[in-house]
Every structure is written in C-alpha cells, then in structure tokens.
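Construct the entire structure; sequences and hints are all you get.
The sequence shown lines up with residues -19 to 177 when you count with this note's numbering.
Do not take every clue at face value.
As the list claims (entries may be wrong) - Restraint ranges, calculated between C-beta atoms of paired labels, are given here:
{"no.": "1", "residue 1": "Ala98", "residue 2": "Arg18", "range": "37 to 47 Å"}
{"no.": "2", "residue 1": "Leu162", "residue 2": "Ser(-9)", "range": "19 to 29 Å"}
{"no.": "3", "residue 1": "Gln85", "residue 2": "Ser(-9)", "range": "34 to 44 Å"}
{"no.": "4", "residue 1": "Pro62", "residue 2": "Gln101", "range": "15 to 25 Å"}
Just so you know, the hints here were simulated from the structure itself, not pulled from any lab data.
Glycine is no exception: its CB is placed at the ideal position from the N, C-alpha and C atoms.
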Amino acid sequence: MTGAGPGPRRSSARSREALLRAATELFSERGYDRTTIREIGERAGVDPALIARYFGSKPLLYVAVLRAEHGDSAPDDLLTEPRLREVAERAERRGPVPLLRVAVQPLSDEAAQDATRAALQARLVEPLRTRFAREGRDRPGLRADILVAAVAGVLLARHSGAFEDLAEAEVDEVVDVLLETLDAEATDPAQHGHPQQ
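Here it is as structure tokens:
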C-alpha cells in the first residue's frame, strides 16, 4: 500500500467539511434562498460542483447543516418556550428553509423531499407526538402534525407579504403569541372539556 491512498480521502473530507462550514455560515448570514451554491463553493474555496457529489443538492446540504449543528439527539418539543423560540429565530435568520417548506409543499427533488421530510418528522413532529402519547392524549400523531403544520405556516407566512401585522412583528412577539395560542393545547385537555382517551 502506498502513501498516496489516504491523501485524496483527506482532501475529500476537508472539502466536504469546508462546504458544510461555508453553508452553515452563509445560511445564517444571508438566509437559505439568498445563498447560492456558487457562493457556498467560493466561501469554502472548492468547486461548487462538489456540493452535488458530497450532498446531492442544496436542500440536502441544508439537512446536513442541521445534523451538524444539532447531532442526532432528540430535541425538546415545540411546546417548550426555548425550543419554539429557537425554531422561530432560525427561520427568521435563514428564511423559508426546506424543513418548513416541506411541511406545506413538496420539494421538486425526490431525494431532498424524503430527507427533509424525515428531518421534519424527527426534529419537530416526533418530539410532540412523544409528549402527547406520554400525556395520554388521544391521536397524538395527528395532534403533533397539526401543531407543527400551524407553526410552520405561521413562520412561512411572515415572508409571504400576505399578513402585514405578522410580517412587521418582532420574532419575540410572534413566539409569545404562538405560545399563548398553543397554551390551550399544552394544558390538561380535561380543563377544556376534551376527554382523554
């Protein structure tokens, strides 16, 4: 075995890591939509075509950024104030990201659709479903789907221009109103006349 073998692998790993780091920085600075594949490659100092080779597509690169930032540990659910605030602030910085978009509209790339949907389920839906099941709520999966869809819709609607007050509100105000609105779901259903099953 010659010493030439590990060199390209190390170079590939460095290129992949540089692309991941550059994408993380640019998505945070400029938002998902305003960041191009070319800019990610330039910031990383590598050929932007390597994004397709290492990640498959821009949405799949975004999913890789999420994994790199958060690992595989299960996050808190959206009914906890810090988690909802984190999701809302990330959406504010990065704009209409694939993880929120896939909640309301399929992505055109099937691989990106599958990976982004899986990330949505793991990061947003499953923690709520687990909470509702633990609390003995009826239809915990449906409850989780509805809550995540509602939050995704609100966060995406901030960028649509259709809702003036929502677009002009500070992200903290949006989170506070969302928490107040979702509080009815977070409290004991028996208090609201809904029997547990």
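Item to complete: Starting from the hint list further up, note which numbers the structure goes against and sort them upward.
Response: 1 and 2
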